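Participant: Below, each chain spelled out in residue letters.
Number of protein chains: 2
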Amino acid sequence: MSNVLRNRYQADLREIEFQLFEQAKLEEIFGGDGPFSAWDKESVQMVLQQAKQFAYDVTGPLNAFGDQQGCRVEDGRVKTPAGFQDAWNKMYELGLKSLAVPESLGGQSGPHALQVAVEEMLSGSNTAFNMYPGLAMGASDMLAAFGTPEQKGLYLPKMIAGQWGGTMCLTEAQAGSDVGAATTKALRQPDGRFKIVGTKVFITGGDHDLAENIVHMVLARIEGAPAGTKGLSLFIVPRVRVTKTGSLADFNDVTLGGIEHKLGIKGSATCVLNFGENDDCFGELMGGAENEGIKQMFHLMNTARLAVGVQGLALASSAYLSALSYARERKQGSSIEHFKDPQAPRVTIIHHPDIRRSLLEMKARVEGIRSLIVLIASHADRAAYYQGKDDEKVAYHKGQVELLTPIVKAYASDQAFRVAEIALQVHGGAGYIHDYGVEQDLRDSKIFSIYEGTNHIQAMDLVARKLGQKGGANTQALVGEIQAFCEAHREDPQLGPATALLATATEAVVGCVMRFMGWSAEGKLPLVALFANRFLELMSEAVVGYQLLKGASIAKAELAAGSDEKDFYQGKVHAALWFARNVLPTIPGRAEVAGNEDDSAMTISDESFATA
Amino acid sequence: MSNVLRNRYQADLREIEFQLFEQAKLEEIFGGDGPFSAWDKESVQMVLQQAKQFAYDVTGPLNAFGDQQGCRVEDGRVKTPAGFQDAWNKMYELGLKSLAVPESLGGQSGPHALQVAVEEMLSGSNTAFNMYPGLAMGASDMLAAFGTPEQKGLYLPKMIAGQWGGTMCLTEAQAGSDVGAATTKALRQPDGRFKIVGTKVFITGGDHDLAENIVHMVLARIEGAPAGTKGLSLFIVPRVRVTKTGSLADFNDVTLGGIEHKLGIKGSATCVLNFGENDDCFGELMGGAENEGIKQMFHLMNTARLAVGVQGLALASSAYLSALSYARERKQGSSIEHFKDPQAPRVTIIHHPDIRRSLLEMKARVEGIRSLIVLIASHADRAAYYQGKDDEKVAYHKGQVELLTPIVKAYASDQAFRVAEIALQVHGGAGYIHDYGVEQDLRDSKIFSIYEGTNHIQAMDLVARKLGQKGGANTQALVGEIQAFCEAHREDPQLGPATALLATATEAVVGCVMRFMGWSAEGKLPLVALFANRFLELMSEAVVGYQLLKGASIAKAELAAGSDEKDFYQGKVHAALWFARNVLPTIPGRAEVAGNEDDSAMTISDESFATA
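Protein chains in written order, with my numbering: chain A, 49 to 660; chain B, 49 to 660.
Bound-form chain A, shown alone (with noise of 0.2 Å):
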């Protein structure tokens, strides 16, 4: 009812550059000869706060307003929320969307543990708004993979600098997590080019006002091609037409059929896109290259996951921050020892158990998701550091990439929505209205288990190929490390009893991960597909579990060595130990399900469901 008190948008740059600095060590692949030597912790600081200064002054504010009013359809065309188009000029004038794009196509050659930090606060301020130089940034850098060279020099600049925008157009009605369903047609032309005709759904950015083109890149199947996602191709296909200098043409036929009014991030235009309504509409093709668009496609999946998982991050810490913020200031209640005195004077809710217990419960989730991202990210990097210098190491950390990427995706959205409903919890009645903006985190947060790839594709994805991976290599260099470090932990008096906990439970997903095998090697491959996704929930916590020891153990030294950072160091102390009590000790039995083998939602037949 009233407008009080709406929780502004939060970021925890401390903890922030604590992933950074201290735990991915991120200096390591600075300065030298290698690809990131014009960069220093200096500079990376002088972005995350320049980030911090627009999510706060910018994006933020314009977050529950833009939910509000939505977008809408005008004379054919989207209007997005006022105030997007003076964001999206400022955010490309400030540079915060080519971090870690290379200086040679107009980028800053920064690492993606930048961005990577840099997207949480984009995202986590405004996820709506994100969505558009999101996705334009994945055209952007399709075309930078795999465009010809004509190709990158006519687009790359202008949608690089956001004069441009662009799309990613896969799903048709018949054709979500089946892409290869696909039937739009590509029809050959003289010239070369592609006629494009077909209908693609749910386009994130479809259609706006914020640029002055849209580039989309389609999917779509040339006249007799293979059926299946191996006879796909990936077309351009710009809103308008450009001519060989770069200006701007005439209308491509590419149509707006509608938007979807939706649970959250209303604020970004999913739109029904028509190519072709006119037989009008004209694409080239990718690099030259037939039917290798899925490949195409594939290849820049990792990136779009993980940037899936920092959206996730990124409600997971602002709803979270909300809700930290909203205890420290709500009275409510008397304290718990005095729980029977009606006198007793009224405390702020972060004194209650339940309340303390709820916050620590996010800060751990949320610090385990983030040191997560950073690990990834900072792989990432690592792969493109020894580049050329050290093979082994370019495969390890790439390795590393490819096993914790669908980890990254769900785990890390699901999270954001687990986390979200905490916060909401916190706030109590309060948390339901639109007041708060934590209702808004929630809506926002649900679509991250949906697109690119739902988190059971996601979770296939990890047991079906990833584990396996390199023989499986990549697994049990990760399970190596987990073990080396309760091992090196074991005698330490606090996280000792912790590891001890870690160390268990990463047996119980290794005992997983061989019966998976085994379940594969009897072709049981619907036991693997019914317990994928809670083996991806266990390895993940695993993983978390890990990373936020990790994090304690280089807090621990920290304080020992007198640190005046107290509050901060002993903040991840404190999160770790509740992960580790509480989180880690349910996952044996979790994982022992597993050997029940219960395949009763296969043997029940489809009427037993119900037969009203």
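Rather than coming from a laboratory, the hints here were simulated on the basis of the structure.
Careful, some of the hints might be misleading.
No distinction is drawn between identical chains; accordingly, a pair holds when it is met within one copy or between any pair of copies.
To be verified - Here are the computed lysine to any residue pairs in the SDA-like style, where the Cα-Cα straight-line distance is at most 20 Å:
#1 73 x 157
#2 233 x 305
#3 200 x 293
#4 200 x 211
#5 379 x 524
Computed from a predicted structure; not experimentally measured.
Take the given structure of chain A and dock chain B to it, following the hints.
Facilitator: Frame of chain A; chain B shown alone:
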């Protein structure tokens, strides 16, 4: 975007009847000279059929529309969504809200279990709409229990007939969970009435246009009364004054301060109400009893909390059946056996293992909470049935109602949100848009964990009061029943292994109870509070596992006897086995967590939660 295929509301009447007749054996208390002597199986079935038709034809079709239109304020009054007035009238004509009200008060003297089953369909088809009559029912229950004969005579008949509405006014801005902090004043008048002055917030149906008057039940403190809950009295405060003959007189100075904009239940007006802004608001003391307000409220708390549990069941069931319909219709991908063949025929998604797992998980959770809810309602009915005949049985049944109330309220409300989340995920991208309705189920259901006592308040009620009530007799009775069931089915080739899992889970729950007793004895109150929510979940799952397996044993007997409802009964067996094999085995590990006595949430400093 498109207005396709929104799933209409569905109720599983066959399963509801299974719970009422086959599992709760409702017929045992019909006929004879008992309170339900006028009822038989056929009359119950007739009412259920009527309620289902009403939900399908009247409230169901208004659900999405009410969500979209919401409530609005016009000239200081709440306007409910179009169609609500008509639904209100029809529902009262059908007598659907007075099934369990004594005939002497204008009701039908039916069992609570029947009213609960009807409420499932009313709430499931339109939660927001059903809030208005729900609160009116709560207020009239209150009057029936505590009003003077004059008060009952004046208000009850019109409230039970739906001519007048009613509300419960507890919460104030500074007094939510801490209801004893209420500052609304009651000033004694020479004529025995009281002037009421204060502002109440979050008042469901605080104003609306469905009835000609609204009778508010207002907690206020008489001048000079003690602080805290003990000084609160309950007042009957009609919006429009009522003459001694029951006709409407002048306006009673109860004004609308505004309505909240909420995540869900948007068709339900959540109001700020100002009492006595012009010093002209009068109330009557409920039953003429001073400082009895909290006792009076708490007397009916069980009913109110059960009602929230029913709301949870209602949306969980609706969301499940929507997802099931979607899974049976939506084609996507090929069967897992042919996943490498792009030419393999597309199948409906119910063929995919993870979709089947999702459906069976939802089915088990929904039927588990339905079973729990019918169980508690049936305990209440049996307590009434044995009243004056068998004191021991009355005490037993009343004791089970006490023990199960916090479980039903908290577990069913949490599960509703969880099931809606799974149902949304089954829909994929379609679940995230308004068209399919499941996102509304998710939004609507989130309030259930907050109102009528947050779920942490329920958990504290369970561990700090209910477990030890009557020296632990209620708890022991329930545990004893579960153990006897396990013993009786130990040798069953199909249910035996499942009951073994139940026995182990129950042991773990009992272990937790012992631990809580130890903590209480040692004064470790914060540990009790820190683990309370998780204990409630563990205990709920053990009881649900028991109820499901009991249902399965009944179903097995029917199958063995050659029933021709094979699909239905096999579904019951599958759901129980799924729950037993997938949920029960996780209980011991989750219970062990308590053994770590982790108090990191208490020892962390307030500053350490975040230093940014």
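Participant: Each hint: holds or not?
Facilitator: The hints, checked one at a time:
Taking the shortest alpha-carbon separations for residue 73 and residue 157, only the intra-copy value of 18 Å comes in at or below 20 Å, while the best inter-copy value is 72 Å. Only within a single protomer do residue 233 and residue 305 lie at most 20 Å apart by alpha-carbon distance; the minimum there is 18 Å, versus 58 Å between protomers. In this homomeric assembly, residue 200 and residue 293 come within 20 Å of each other (Cα to Cα) only inside a single copy, at 13 Å, whereas the closest approach across copies is 86 Å. For a Cα distance limit of 20 Å, the shortest separation of residue 200 from residue 211 inside one copy, 15 Å, qualifies, whereas the shortest one across copies, 72 Å, does not.
For a Cα distance limit of 20 Å, the shortest separation of residue 379 from residue 524 qualifies neither inside one copy, at 50 Å, nor across copies, at 38 Å.
The earlier numbered hint that this structure contradicts is number 5, and it is the only one.
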